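Chemist: These are the residues of each chain, in order.
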Amino acid sequence: MVSPPARFWLGHVRRSPLLLFVILYTAISGGPFLWVAVMSLRTTPEIFASPYALPSRIHWEKFAEAWTRSNYSTYFWNSTIVVVTAVALLTVIGAMVAHCLARYRFRGNRLVRFVILSGMILPPQLLILSLFQILLEFNLYNTLTGLILVYVAAHLAMTVYILEGFFAQIPQDLFDAARMDGYSDLEIFWKITLPIGAPALFTAVTLNFIILWNEFLYAVVLMTDDDKRTLPLGIMHFMGSHQLDVGMVATGLMIAIAPVILLYAFFSETMIRGMTAGAVR
Amino acid sequence: MGEVALSGLSKRYPGGGDLAVKEVTLTVADGEFMVLLGPSGCGKSSVLRMIAGLEPISAGTVAIDGRIINDVPAKDRDIAMVFQSYALYPHMDVYNNLAFGLRRRAVARDEIDRRVTAAAAKLGLTPYLKRKPHALSGGQRQRVALGRAIVREPKVFLFDEPLSNLDAALRVTTRNELIAQQREIGITTIYVTHDQVEAMTMGHRICIMDGGEVVQIGPPLAVYRDPVNTFVARFLGNPPMNLMRTAVDLEGAAPRLRLGNTMLPAAAWPADRLRALDGHALLGIRPEDLYEASPRPGDNRVLPLPATVTAVEPLGAETLLLLSLEGVGEDVIARSGRETRLRPGERATILLDSAAAHLFDATTTRAVARL
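If you're matching them up, the sequences are chains A and B in order. Letter by letter, the first sequence follows residues 1 to 281 in our numbering. Letter by letter, the second sequence follows residues 1 to 371 in our numbering.
Only pairs whose alpha carbons sit at most 27 Å apart, straight line, appear in this in silico DSSO-like list of lysine-lysine:
| no. | chain 1 | residue 1 | chain 2 | residue 2 |
| --- | --- | --- | --- | --- |
| 1 | B | 75 | B | 122 |
| 2 | B | 122 | B | 132 |
| 3 | A | 191 | B | 130 |
| 4 | B | 155 | B | 22 |
| 5 | B | 132 | B | 75 |
| 6 | B | 155 | A | 191 |
| 7 | B | 75 | B | 155 |
| 8 | B | 155 | B | 122 |
| 9 | B | 132 | A | 191 |
| 10 | A | 191 | B | 75 |
| 11 | B | 75 | B | 22 |
Facing chain A, from chain B, some residues (calculated, C-beta under 7 Å):
| no. | residue |
| --- | --- |
| 12 | 54 |
| 13 | 74 |
| 14 | 75 |
| 15 | 83 |
| 16 | 87 |
| 17 | 100 |
| 18 | 105 |
The following label-pair restraints were derived from C-beta to C-beta distances:
| no. | chain 1 | residue 1 | chain 2 | residue 2 | range |
| --- | --- | --- | --- | --- | --- |
| 19 | B | 221 | A | 114 | 54 to 60 Å |
| 20 | A | 108 | B | 12 | 18 to 24 Å |
| 21 | B | 240 | A | 112 | 45 to 51 Å |
| 22 | B | 168 | A | 211 | 52 to 58 Å |
If you're looking for bench data, these hints aren't it; they were derived computationally from the structure. Predicted model only: the values in this text are computed from it and were never measured. Glycine included, C-beta positions come from ideal geometry on N, C-alpha and C.
Produce the complete structure using the sequences and hints provided.
Modeler: What follows is the structure in structure tokens.
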């Protein structure tokens, strides 16, 4: 027989490798974020004097300075327009494609799915030159519309992948019942697929929003005018070719990621539910 | 009005070789309750889905009130369907589940409210109108599914095994509710099931299907009493009809059937049909037509058969006896009273009511009609 206190400690010992892993993982992924958060409240000279110290005085005014000094309001607005529009388009188009692939058996169904999903395999670095050329030809280079279209094209595959898996699990009887109730295919999509697929839609929206809000590569190559830049490019303002204002970069980063953190805080549970739905029936 | 006429209806699924439904011809009269009965995969659900417009028709026609509706989309057929899974919209409450089909048909808001309230009251759903389907019991969900069909006031109701997800006790009550509702509303109903008790108790007529074909159509008791072949004979009835190989003896003055060492009179069947059987046939007798004591003492059509009791299954209200008849290869089941004293291993004389016997062609399995 093992006495209760001994069992208590035995339980802890058994769980310790997992606990150690979780602590390490949290430190690795959350540490840099915390460090940047602390730096965003310190000035650059303070940071150079002691990089890892806590703030001796909290410099909230840096946030106002970052916003005003470097055209941040424009970048923020541009990011909002580009990301909100791209995510909206991605959600509607992705949901329609996923609905069709999950619901209808048509000739070439598997080929269409393969072509769309193969978009996930190709790295953006491979596509960027051809995209650059295409946008130039269609007069979309250096425009927000061009960037929106590129984002939609680049992320459609992942969106379809997330949504199709979920939509395919909606019982066929529901669609048949709606048809018997008199609804057309498009109405069934709006009134049945979308509301029932809400958890998957939230997942797709949140993921796309986070990824696109932080997107740098396409934005830096396809946008050149300062007043058309998005937030990740705006941070470059604090980086000259010979100097780096570390404190302001940190403040800029915190402003940039605030909406993402808020979004994740609100939708993380729904998102996880959407991603794991169907794993256990 | 809602007469449904199927003519040569056939279905071949893409990639599937044989026809899943083979030239089904059938007319369901206005207000009639028709049950499509058959084992899994016999094509009954395919027939229902073709009537509903959910499945393309490979050949033949579906007509409602004389109008062929093959090319009419499901939404315009004025048919309501209750699914096995109920197919309630999980994101809508009961009220909206009931009202969903009416909204699409541009029914006035007041009228929708009137119909939904009336259907909910009729089905005892009034307290649950604001609940979502996941907060309802199986029986309540089933009633919502029925209510959704009722509020539409369609020409035809289609039911696809709607009771199979309910437990045994609830199935009995819901079955009776369904029968009462259908008789009251009087809308033409086509009901698919593989449960013979549902078929026997619910339908005005039953249509038995096997291998995609209609085998027999008729009132439940008529089909039970006069099955057209051994499939129907064994499919209807629980325990199923006993089938025993028998030799046809045409030598004597009157034709007889040999069952083991017992000779049964065969005068009830036409002599020319007996001659065509080539000396062999299958004798069918229902378990309730085998007795421990004669039901009609003195009647020479009740014949004794020596047997050994193999097993005894007391079911409470009755007892089933598994018997090995002497000189007969097949074991038979007899339905006996609960007071039976027979025990496994005992020898007994079982009485067979030859007036209730059926005769089937051993080659074609078709019944030989009585005179």
